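Novice: What follows is each chain in one-letter form.
There are 2 protein chains.
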Amino acid sequence: MGNADYECPHRVAIPPSKPFLKSLKSGLKETFFPDDPFRQFKNQPASRKFLLGLQHFVPILEWAPRYTFEFFKSDLISGITIASLAVPQGISYASLANLPPIIGLYSSFVPPLVYAMMGSSRDLAVALTATFFAGVFQAALGFLRLGFIVDFLSHATIVGFMAGAATVVCLQQLKGILGLVRFTHATDLVSVMRSVFSQTHQWRWESGVLGCCFLFFLLLTRYFSKKKPAFFWINAMAPLTSVILGSVLVYFTNAEKHGVQVIGHLKRGLNPPSVSELALGFGSPYLTTAIKTGVITGVIALAEGIAVGRSFAMFKNYHIDGNKEMIAIGMMNIAGSCTSCYLTTGPFSRTAVNFNAGCKSAVSNIVMATAVMLTLLFLTPLFHYTPLVVLSSIIISAMLGLIDYEAALHLWKLDKFDFIVCMSAYAGVVFGSVEIGLVVAVAISLLRVLLSVARPRTFVLGNIPKSVIYRSIDQYPVANNVPGMLILQIDSSIYFANASYLRERISRWIYEEEDRVKVSGETSLHYVILDMSNVGSIDTSGISMLEEVKKTTDRRGLKLVLANPRSEVIKKLDKSKFVENIGPEWMYLTVGEAVATCNFMLHTCKSSSNPGPEYNSQDNIV
Amino acid sequence: MGNADYECPHRVAIPPSKPFLKSLKSGLKETFFPDDPFRQFKNQPASRKFLLGLQHFVPILEWAPRYTFEFFKSDLISGITIASLAVPQGISYASLANLPPIIGLYSSFVPPLVYAMMGSSRDLAVALTATFFAGVFQAALGFLRLGFIVDFLSHATIVGFMAGAATVVCLQQLKGILGLVRFTHATDLVSVMRSVFSQTHQWRWESGVLGCCFLFFLLLTRYFSKKKPAFFWINAMAPLTSVILGSVLVYFTNAEKHGVQVIGHLKRGLNPPSVSELALGFGSPYLTTAIKTGVITGVIALAEGIAVGRSFAMFKNYHIDGNKEMIAIGMMNIAGSCTSCYLTTGPFSRTAVNFNAGCKSAVSNIVMATAVMLTLLFLTPLFHYTPLVVLSSIIISAMLGLIDYEAALHLWKLDKFDFIVCMSAYAGVVFGSVEIGLVVAVAISLLRVLLSVARPRTFVLGNIPKSVIYRSIDQYPVANNVPGMLILQIDSSIYFANASYLRERISRWIYEEEDRVKVSGETSLHYVILDMSNVGSIDTSGISMLEEVKKTTDRRGLKLVLANPRSEVIKKLDKSKFVENIGPEWMYLTVGEAVATCNFMLHTCKSSSNPGPEYNSQDNIV
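Sequence lines, in order, name chains A and B.
Its first residue numbered 1, the first sequence is counted upward by one per residue in the numbering used here.
Its first residue numbered 1, the second sequence is counted upward by one per residue in the numbering used here.
Do not take every clue at face value.
Claimed, not checked - Pairs of lysine-lysine residues, derived as DSSO-like cross-links and limited to a Cα-Cα distance of at most 27 Å, are as follows: (1) A:K29 with B:K518; (2) B:K18 with B:K518; (3) B:K577 with A:K29.
Claimed, not checked - The following residues of chain A were derived to be distant from chain B, with all beta-carbon distances above 10 Å: (4) K25; (5) L374; (6) D415; (7) A443; (8) G536; (9) S544; (10) R566.
Hints in this document: simulated from the structure, not taken from any laboratory.
As the structure is a prediction and not an experimental result, all values here were calculated from the model.
Even glycine gets a Cβ: it sits at the ideal position worked out from N, Cα and C.
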């Protein structure tokens, strides 16, 4: 046989195999440092390196030299705007987790929301311990450069999870809105509904009317701000306005004596050190709960924080280093847990307001912190008459904003599977618990990944008329089968997880093609061309699979031909002697060249030793 | 701009999107019925369908009509050969699991081996319950067509696991060989060694010498049979010979009075029903252990049985239906647990002997079962004087055959990662326990899959001289960069798990290319061509990623071009308006055509509105 009288235009290159340690090193680098964090240090003199390193750890050195008065004006305005949103929200969220309201002034909404649902002990020490562990966990992830773990929480999972958590929190607010005193500690829909409707005689209409009015007001301002983005501050100021209006109303109508509960006494002063509470938390029987809560809230807060950070980074064309971000958030939480703060992240609503308010740098955060501090020091007595129902309205209004039904619709339109993941996370949280929702969503997402690995697709390729291009017949109906050949494209790396599936699938393609040819009376099958363009790598199970395919085709009198085997694959096939086995002359750089050679063989060597239809099936009865 | 004066040769097809239910159905079919089990029923008359269905469930109908006397002769010989191997092995394995020796006559070696190491209670009822659950679990997997779960135990895992288990069992046999009475119940290397060397004064030299002699004899016959496959029966007969020799020796030398322990009394008769013991097992406090043991042994037995079945099926060109096989094995175990048998599978050594002995059909199994039955009924008293040390030698000899160091070397040579998986499984079993070994190996294997999904490779393509072929510059050093263009190949589907990595990696390629061009003074970068040939599918996170890449390139004044987007991808890109966004004229069927058009644009429209180097970086200080 051979191909002496036919010139094959290109040869498949077999690159020399790299030493193990070298390829391990480059693999590790790509896995843990994909963003090349030290790029700016390359080819720099030592003094410059030192400066850059200092800037890396103390970012203020990076932007301070370029800071102007114009920037400061923008930062001042945005800082105050944020503070006016943060103070009432902080108090509301703390009351949500049944913690002293003052604790909430430094917090965002995600962690208390999760904590409210998970912590079986509504205890300050446990909350602080959970924060501590969340911080440790987050910082550890960052230090170990395992930021990519967060990527496994897909956007769809987060949308469903957040909507579910928001629904649960809204349901919890029925307590405040209806002025109920007793309420279930369970968080699932069924228990809450049973609790609400089992005590209809306890509902307070004064509280309900007040709550609905404020809720309407808040939603209206939100709607208005959405229509006209220039008036974003109306939305940002609405919670503070509600708190003031509500407090004034209660003060003048003595409503606290008619079933409208108020906050009452708030301790004045800055947040005290809380190491003693933390120590208490370590000794408490709720330590495992605290650790679990910490790890879960930590991951979710990270996933949300980083996703939000990224979307704003994209707008402004700066770069976010996920791992660095994690270390920062983690450190913040460890420090926070020692100073009476609980879990913090960059919550979306505030970041969005900050963005709209035109913040220019971290100075806006300093302004905000100062404003909050002043409130803590001097203004806390003003919150004495703030009705709880207003806080409930603020929470519900914020939570409704988290139910991103548009994103869910978008998922349904684009990708049904993502929609299913999203809905499972939602249903898991609403009908079960936070953990159930999270586990279900991550499990389904991973299952999808594993299924796509275990069941890669294979396509029959055909010739696009008047070209040497070969494409899937499914996608390009104009493509024609090549007589006497079956061209198969394997759409994934070949692993232990899919090797036996692929073996079966390839056999099935072969006998289906043989059946088809027999019925239609076309040229009988002589060549099976495997297009390996998409096979990025192969393991030992994959090599055995190819060896078995070779045996199968040999037994059926067919010739196996490989097209475009890639670097990693060809190295291993060469080492395992498969290249020798198949014959290096049966590997081509493109499908087109493989087909051309096969056609040549088919027409010139028809009567010679070329593999013919000496196929006989059942030679065994077992 | 547009491409009015340049004729693009081929258009990317956007196939109509299939209805959701239809694509779901085909997806499910491909996942659960990849082997098309009902193929032979297609296009057949009803009577033929009925016959085929009957044959499917009662395989004897398939081969009986073609059975001849020649076949029977082969089956008879192979059946007797197998029985002579099975009887001593069965007794040995049962003694290994501390069960009545008679129980072992129907069993294979894998399950008692695992059971010996896991069962904390050496109790018949628990063993039977474990068998029952293994059967239920196996049959359930088969019925649910989840056979592919077994694929996730890679060949490397099984090699390491079996070698580890064999090592542990060999260590346990030190008890028999050294004639020890007390022995540790732990299975890890450290505990066993401590137990053996803490009682050196108890070692019995008579027992040791006898054991070593028989071991030497068994290994010698194995070596001989391996050299000359025609004498396979020497190896098959060796255990029986050893048992007879050993018994005769003990009988005439009264060695049982000199520290050589013997089997003693064996109950005669067929295996009795054991439903009462099974009921006992269900009530026992070891029920969870039994369930755990059952599930683990079930999976391993299946993985081994199916792998072995497949390798022989390949030799003989028949087809194994993994799911059908599972149902059969599972049913066998459920039935076995009710009749005093424990876990059964198709053990490799016996299948291999069967194959070498020339078995033709299931009749050889019937012959073997008859031979074993006759032994049970009439020959059990003959085993009274069989020394335990001979059984230990038989076990060690069989176990040494399971340590497939050649396979491990092969793994090391071909794929370092597979070797690491194999060694972890081995070390986990030897130094920890069965569960630890299994969990570690499967976790590492899955981690590898997930890592390869989370960190797909990207390549820069270059032009192979004198062709329109574009290939990775890494693999083909002759390939040349195209001036003004960066051609990137993405090597995997784009998912939530890798979307943010890919975004970062693509940005990095772009700025690295810009840096390179700046230094070398070549044509500045104008086009980024993404070769999507290997992107089989995309989810909503992936679409967002592409949208962000588009924004990044726009901001840098670069044009984004797609080459060969595939069916699934183009459908979703079309639905999400990304095609509109990028402009359908910027999608090409091949990289070659994309490059040709870009080259045309680059040289004819240089001074017009073509994207030029109006790139300005830092427009923000954040």
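Novice: Tell me, which hint numbers fail for this structure?
Specialist: Numbers 2, 3, 6, 8, 9 and 10, in rising order.
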